Amino acid sequence: MTVSEVMPTGNREDEIQIYDLHKSFGDLEVLTGITTTIHRGEVVCIIGPSGSGKSTLLRCVNLLEQPTKGRIFILNEEITDPDADVDRLRTQMGMVFQSFNLFPHLTALQNCSIALVRVQKKDPEEAKRIAQENLEKVGLGDRGHSYPAQMSGGQQQRVAIARALSMDPEMMLFDEPTSALDPELVGDVLSVMRDLADGGMTMMVVTHEMAFAREVADRVLFMDGGVIVEEGSPEEVIGNPKEDRTRTFLSRVLDPTHVHAGDEDTAYAKRHRTAPDHDGDGTLPPGVGFHSTPGAG
Amino acid sequence: MSTISSTTTVAPRKKRLSPRKRAQRFRIVQYAVLVLAVVLAVLTIDGRQLQQVFFRPDLIVQTIGPELGSAFLNTIIYTAGAFILGLVLGTVLALMKLSQVGPYRWLATIYTEFFRGIPAIIVLLAFSLMGVAFPGFSFPFDPYGAVWVALGMVSAAYMSETIRAGIQAVPKGQIEAARSLGMSPGMSMQRIVLPQAFRIVTPPLTNELVLLTKDSSLVYVIGLFASGYELTKFGRNLANSYANITPLVVAGLCYLVITLPLTYLVRRMETKQRKATR
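Note that the protein sequences, when read in sequence, are chains P and R.
So in this note's numbering, spot 1 of the first sequence is number 8, and the numbers just go up one at a time.
So in this note's numbering, spot 170 of the second sequence is number 292, and the numbers just go up one at a time.
Careful, some of the hints might be misleading.
As the list claims (entries may be wrong) - Below are the DSSO-like pairs computed for lysine-lysine, each with C-alpha atoms no more than 27 Å apart in a straight line:
#1 Lys294/R <-> Lys76/P
#2 Lys144/P <-> Lys129/P
#3 Lys294/R <-> Lys394/R
#4 Lys294/R <-> Lys128/P
#5 Lys128/P <-> Lys144/P
These are computed hints drawn from the structure, not numbers from a lab.
From a predicted model like this one, the values you see are computed outputs, not experimental measurements.
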């Protein structure tokens, strides 16, 4: 069966269906044939080295990037169809960006309500009420009148989540939501995402937070070189990877549970939730202490 | 003993001055030049003569009156109308320059290069003759209409470049966030990008307003009834009839009443922006 003959399954549970997705930027092939289905209420974490196409996959799903080839169905409607009502389908998918992308000229409350008024044509009072509700959901009910510049990165990202939730989407797409945050602010954002997952939201999460993926994901996709190398439950993919490439990647990001205690690198990775820059000799760079959180304060 | 004293007196002289000392001496020289210039001016300039040419008191009194007020108001009306028209047209041109459609980009570029490349005074003269070129045609709100259109079209060329830069200064992620919320491209531009772009370009656009205020003086080249006189035309007419430039000097000072607060405003906005982006 060729891609053009693919039909949506028609099953309401199959919220995102991706068939043979390709994406190139000029000569650079970023995605080379992705096929997968995200089901209702499923939390799928996408992991992999940088440049593996994780973010591009996510951005193709709501058509921020136009796929070169392949088809994507959202709620059994083809978003890659040239005649698709992309704007309407996008309201079904909340998107959270690495760099927050809050609207700096609007307050937190206006950030959450503007699309309700302008796109969903809701009454401004009603929109304000919904926005306030969602700000409370992310623990920022009292910051509605603050502008983004007056908030910390963690608060901004939570407003961004509230903004996406205000549209009452069927599913949420997270593009490295904690990568731009100071380490001590990551926890608040992750706990909001955990609540969402517990509430049954369908979620696609591109992340480097292995602990989060392990705990919250129903399924983990490991991507490398534009393809899904390995997928399965977090226990399978992170706990017991079958593919060499997955093992190499995981040893690089140094999952703290996998390296014996006492190793200096492990302590470093635990504090920073990411891999240290390996220089191969297993020592820490000079000056790295317990409270070395760059840019904090 | 003599050798000792000679070394102690000669050595410090040869030593180079410390940077702080040198800066101090340089300041002293600067003050000295300034004082000298003032003294020379006082000695050579004949204050009486100067007053007779530029500031004749009786003519200052003659100049200040209801007609000066009306000219002042006309300057503001010419400027404001041209600015509003230039702003609207400049925004349209900026959007054309960022259009996906090639011909729109070319047209906007040709327009900009043309109107930036020719003197505003010629554009003004050309537009004042439109009624002759197209019999029966006249701009509404005569004589304001022709001036608004002519100066507006010239300033639109400059403003379009500024506005285009402002739009491009808004991060791409802003459009992506707007689109991901289901906004159409037009709505994203109108509600998200343009408000931020105009915040960025408010100081340079205010500068443009200052330039336009002064450019409104070019109106003196076209034929006008007295009710349409702006500051320069009014000042020139009086200067001609009294064979003295004093009225024109008074009119010139009136421009400062408009432009100084504007430039002050620009400086404050720029300081504020610098603080906000830091």
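Here's how the hints hold up against the structure:
no., hint, verdict
1, Lys294/R <-> Lys76/P, "24 Å, holds"
2, Lys144/P <-> Lys129/P, "20 Å, holds"
3, Lys294/R <-> Lys394/R, "24 Å, holds"
4, Lys294/R <-> Lys128/P, "25 Å, holds"
5, Lys128/P <-> Lys144/P, "23 Å, holds"
Hint compliance for this structure: every hint is met.
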